[in-house]
Structures are given as structure tokens and as C-alpha cells.
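Chemist: What follows is the residue order along each chain.
There are 2 protein chains.
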Amino acid sequence: MKLLLLSMGLALVCGLQPECSRSEEDLSDEKERKWEQLSRHWHTVVLASSDRSLIEEEGPFRNFIQNITVESGNLNGFFLTRKNGQCIPLYLTAFKTEEARQFKLNYYGTNDVYYESSKPNEYAKFIFYNYHDGKVNVVANLFGRTPNLSNEIKKRFEEDFMNRGFRRENILDVSEVDHC
Amino acid sequence: MKLLLLSMGLALVCGLQPECSRSEEDLSDEKERKWEQLSRHWHTVVLASSDRSLIEEEGPFRNFIQNITVESGNLNGFFLTRKNGQCIPLYLTAFKTEEARQFKLNYYGTNDVYYESSKPNEYAKFIFYNYHDGKVNVVANLFGRTPNLSNEIKKRFEEDFMNRGFRRENILDVSEVDHC
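Protein chains in written order, with the numbering used here: chain A, 20 to 199; chain B, 20 to 199.
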């Protein structure tokens with residue numbers, strides 16, 4: 020009788036509580052699905068860096084995202100970039116870490132990459148802390164699902180960056196420039 | 020009858036499922052309680068920085084944690100530090116952000132602070148990305164519940180830092196030096 024009540028209770032309660040009775044594995048799948056939200060096409064809309072030369076013409080972080088695929092929790096980014104006047108593809112894999120939203124990337128030295136977005140169907144913000152030759156620089160990337168984003172989103176991104184003590188000239192709106 | 024079954028079911032099921040029937044507010048409380056794990060006494064065991072002068076004698080990040088209190092999700096740190104040969108108290112508040120494990124701190128410019136620990140009863144790692152005069156530096160702090168920590172924990176912390184391309188001399192084991 021106790022078991023019957025429990026089963027009936029579970030059936031009723033789980034109707035109200037979607038989290039109910041999920042296993043660890045289910046939750047891990049769910050985490051994976053969360054990163055899946057980052058998949059598909061993207062556009063680089065704004066770039067900002069503590070070192071402007073990193074995001075200027077032919078700079079190592081002036082890369083234009085095309086799409087992201089998620090594989091075992093790692094993020095594969097396909098970018099276009101310009102080197103010696105040529106447009107070339109660039110594939111970067113940001114590896115997952117023990118911490119959610121934090122990834123490791125080996126590119127131009129190494130990078131700690133943090134992801135932030137409250138609306139992954141609209142925009143995504145990736146902060147790269149780049150370590151190169153003993154120096155640290157920050158590169159902030161604002162990606163949009165569309166080639167441009169609302170002034171509200173861009174302004175928030177820019178203010179957030181400038182609140183760290185950087186000048187406006189360290190921010191480049193690349194929504195209307197040639198992406199390669 | 021349905022309500023009765025539901026209540027009985029809830030009572031039974033909630034005995035098995037601790038997450039069951041918690042409101043948003045409860046979960047927010049739980050998050051708060053999670054940070055509560057960071058409360059109480061701490062000791063600075065190892066300091067590391069991309070700029071060694073920041074953690075050397077009288078450097079702005081050579082601060083020795085005494086304890087942390089958590090207030091509305093913000094972290095109040097009480098440190099001892101040496102200025103002009105005097106040992107003085109230093110109170111720093113790291114304000115919560117929308118992202119878990121990430122805090123904002125206004126000190127020596129501004130800082131993005133990230134917290135990492137799998138064993139908050141043993142150690143805690145705080146990474147400060149410091150923005151000062153347009154420059155970025157990283158300062159990594161290893162705090163212990165005890166004045167010293169196992170070689171295993173210290174080694175992992177040190178390797179993790181050196182994997183970012185920094186030299187061993189940028190890491191200072193301060194477990195046995197005068198903390199003020």
C-alpha cells in the first residue's frame with residue numbers, strides 16, 4: 020500500500036515538478052543540452068580588448084565567428100580571419116573545465132574563456148583572458164545570432180567593458196565592416 | 020481524494036527527494052547557504068601573479084586573509100596587510116554578479132573575482148583579474164582553513180598557474196612567512 024501510494028504520489032508530484040526523479044546522468048545530459056544552445060551560426064558584432072592591437076586589422080583576436088558546434092561539452096568555433104591579406108578559416112576548440120561556463124583555449128599562448136548570456140538565442144558574450152609571453156590581456160567578444168544587435172545590448176556590453184577602466188577606443192563595433 | 024493523495028505522495032516522495040517542493044526562494048536561500056560555506060576563518064597559503072611586484076612586500080595584493088563573512092551573497096573579506104612597515108586591517112567586499120562564482124571588487128582599480136573550490140572546508144582558490152591603469156594582471160590566491168595545505172593541493176595550484184605560461188618565481192608560498 021505504501022509503495023502504491025508512493026507511485027501514485029510520484030506520478031502526481033512529477034506532473035508538477037519537472038526536476039523530479041531525474042538521475043545524475045539525466046542532469047549531465049541536461050547540462051550538455053544547455054551548451055547545445057550555443058550551437059549553430061553566429062556573427063561577431065563587437066570586439067573589445069585591453070590591447071587594441073589584438074583586435075585591429077590582422078591582430079590575433081580579430082576573428083569573425085561563423086558557427087559553433089558542441090562536442091562532449093567542448094566548444095568548436097569556426098572563424099574567418101585575415102592573414103597577409105588573405106581570408107583564411109580558423110578552427111578553435113575551447114575545452115570544458117570542471118567549472119561551468121569556463122573553458123580553456125590554446126591559441127596565441129593560452130586563454131581562460133568565460134561564457135555569459137541570458138539569451139543564447141539572441142547573443143553570447145565570451146571573455147578571453149589571454150596569457151602570452153607573461154602578459155595578460157582581456158578580449159571581450161559579443162556574438163549575435165544576427166549580423167547586428169540592438170543598441171541596448173551593445174551599450175550594456177560596452178559599458179560593462181569600460182567599467183573596468185578601459186577607453187572607448189578599445190572597443191570596435193565590427194557589425195558593419197567586412198568580416199573577411 | 021486527489022488532494023489527499025497528492026499530500027500523502029508529497030510527504031512520502033519528499034522524504035526521498037530533498038530537492039522536492041522547494042520554491043524559488045528556497046533555492047535562492049540554498050545558493051546563499053552555498054556561499055556560507057566560504058564563511059569563517061581562512062589563511063593565505065600561496066599567492067601567484069603575472070606581475071610579481073603586486074604580491075611582494077608592500078605590494079597591493081600581498082594581503083593575508085583572516086576571515087570571510089557572507090552578506091546577501093556578497094563576500095566581506097577581512098585581511099591584514101603591511102603598509103609603510105605597519106600592520107593594518109583591510110576590509111574588502113566582493114559584490115555578487117548575475118553569474119555564480121563571479122564577483123566584482125573595487126580595489127586597486129577594479130577586479131573580476133572568480134571563486135573555485137571542490138572542498139570549501141579545506142581550501143579555496145580566488146582568481147582576481149585586476150584592471151589598473153589600462154593594464155590587466157592576474158592574481159591567484161590559495162586560501163586554507165589551516166595555515167598550511169598539503170603538497171598535493173599546493174602543487175596543483177602552482178601547476179595550474181604555470182600552465183598559463185608563467186614562471187615559478189611568480190608564485191610565492193607564504194605559508195611560513197610572517198602574515199603581518
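Simulated from the structure, these hints should not be mistaken for laboratory data. Please note: incorrect hints may appear among the correct ones.
Each pair may be met inside one copy or between any two copies, as identical chains are not told apart.
[Stated by the list, open to error] Below, computed lysine-lysine pairings styled on DSSO-like, alpha-carbon distance capped at 27 Å:
(1) Lys154 to Lys138
(2) Lys144 to Lys154
(3) Lys115 to Lys174
(4) Lys123 to Lys173
Keep in mind the model is a prediction, meaning the values are calculated, not measured.
Chemist: Which hints from the list above does the structure break, by number from lowest to highest?
Modeler: Those not satisfied come down to hint 1.
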